[in-house]
Amino acid sequence: MSGDSPGPESGRGSEPSIGHAGGLEIGRRALTSPATVATAIVLIVPFALGWLRTELFSPLALPGYVIYSIGTAIGNAIAPRFEFWVYWVPFVGGCYGIAVGVGTVYEWVRARRDAGDDGTEANRSHSPPGNSDD
Amino acid sequence: MRRRSALAAVTTLAGTAIAGVVSRPGGNDRLLAAAREGSDDVTTETTQLLPETVHETTLYELTAPDPGPTVMVFGGIHGDERNGIEAAHDATEWGPDAGQLVVVPETDRVAVENDERGGIDGDLNRHFPAGEEPTSDLARGIWDAVERYDPDVVLDLHRSLGIYGFHREYVGQALFHSADAHAHGRAIADALTADAIPWYLPFHRFTPQESTAGGPLLFQKAAAELDATAYLFETTAFLLNHATMTEQSRLVTAHVLAAHGGLEYDTGIGVAGTGEPEQESETEPDGGTSA
Chain H
0 MSGDSPGPES
10 GRGSEPSIGH
20 AGGLEIGRRA
30 LTSPATVATA
40 IVLIVPFALG
50 WLRTELFSPL
60 ALPGYVIYSI
70 GTAIGNAIAP
80 RFEFWVYWVP
90 FVGGCYGIAV
100 GVGTVYEWVR
110 ARRDAGDDGT
120 EANRSHSPPG
130 NSDD
Chain U
0 MRRRSALAAV
10 TTLAGTAIAG
20 VVSRPGGNDR
30 LLAAAREGSD
40 DVTTETTQLL
50 PETVHETTLY
60 ELTAPDPGPT
70 VMVFGGIHGD
80 ERNGIEAAHD
90 ATEWGPDAGQ
100 LVVVPETDRV
110 AVENDERGGI
120 DGDLNRHFPA
130 GEEPTSDLAR
140 GIWDAVERYD
150 PDVVLDLHRS
160 LGIYGFHREY
170 VGQALFHSAD
180 AHAHGRAIAD
190 ALTADAIPWY
200 LPFHRFTPQE
210 STAGGPLLFQ
220 KAAAELDATA
230 YLFETTAFLL
240 NHATMTEQSR
250 LVTAHVLAAH
260 GGLEYDTGIG
270 VAGTGEPEQE
280 SETEPDGGTS
290 A
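The listed protein sequences derive, respectively, from chains H and U. If you use numbering that gives the first Met the number 0, the first sequence corresponds to residues 0 to 133, in order. If you use numbering that gives the first Met the number 0, the second sequence corresponds to residues 0 to 290, in order.
So here's chain H without its partners, still in its complex pose:
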């Protein structure tokens, strides 16, 4: 961040730039990103194990437990006669939505980092160490 302006007009030189097409690509990749899959697993699997057998509830189930429980509380207030298993559908959908959000951030950071590596590697190799922040 030494002397470079972070404005978009200067981004082409040394700052990573993600255009409209890049954004779409990030969105597409986020649907099946490792971060998306991992987040969905973390939210759903531990909670599902506890749902199948109470003894298998663990601290890892807490995020899914909170999401599912709050979902049923809201649902029960709106439509009291639904049985609670019905809420698995919105729960899984909601967890995937959250996971895609996390995956999007992950892919965006990765794309930014890759773009940054491409644009600044040559300059960085000529800079004397320790002078960049002076």
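Not one of these hints is a red herring.
Derived CB-CB ranges, DEER-like:
#	chain 1	residue 1	chain 2	residue 2	range
1	H	G18	U	L160	48 to 58 Å
2	H	P79	U	E209	18 to 28 Å
3	U	G121	H	G74	25 to 35 Å
4	U	P66	H	P89	53 to 63 Å
5	U	R125	H	I77	24 to 34 Å
6	U	L160	H	P89	14 to 24 Å
Here are some, though not all, of the chain U residues that point toward chain H, as calculated from beta-carbon distances under 7 Å:
#	residue
7	F165
8	F202
9	T243
Hints in this document: simulated from the structure, not taken from any laboratory. The model shown is predicted, which means the values in this text are computed figures rather than measured ones. Beta carbons: idealized from backbone N, C-alpha and C, even for Gly.
With chain H fixed as given, assemble chain U onto it according to the hints.
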């Protein structure tokens, strides 16, 4: 990417299994062991309520050699709430250290056999209006037994489908109590939470709640007409399996028995009249020692 996803899945599963084993709450085996062992000289008698009728059901009377409170426990007022039925059956083999433990595990036997909430005359727990005659033959038979024993403490075991104060329609994970049991109700609910609810299931913590007087429920009638300290316990089927609900029902039975002096076991709750939690001792009518 696939390898990484697979690795993440396997790691999560392994972590779940390990964390589940390590952080599972311990229950309260010592309290239940104390309830099961109890005094060696306990005598057990059985009586048939409403004999030679379709409602005929067994009442168990466990009498300890030392004087103490009479505690009545009811399971199966709703026939499909198996946790209370099993816990009450379990309690028929306990050994109180003082007083009498009177247990009716299958209060509405027809409902229990049909595995339905209500029996021949519908929901039994709406047949006990305070200040009036019970409104069905079964309710009259049950109430006759309650009047005969004139219990100091009544505990009625139930199960809901949701959580009290969280799911608007339901009353689970709550201990409803009569007006004279504020300190005990809160202390027992806290003890149950400590024994049975892990920190990562925060919505399942037990809530103590004073019950409105004058309703048509058995424990309300016992409180209103016999001055009994009365509790109605509700666990929940929301995310809890049958074994867990039954264990919670056992624990509340043991805690109530211990809290009122039927078990020589220091639960930290205190025996009625000797160890009330300080904060509310002045408001407890049975506080005795200093209030």
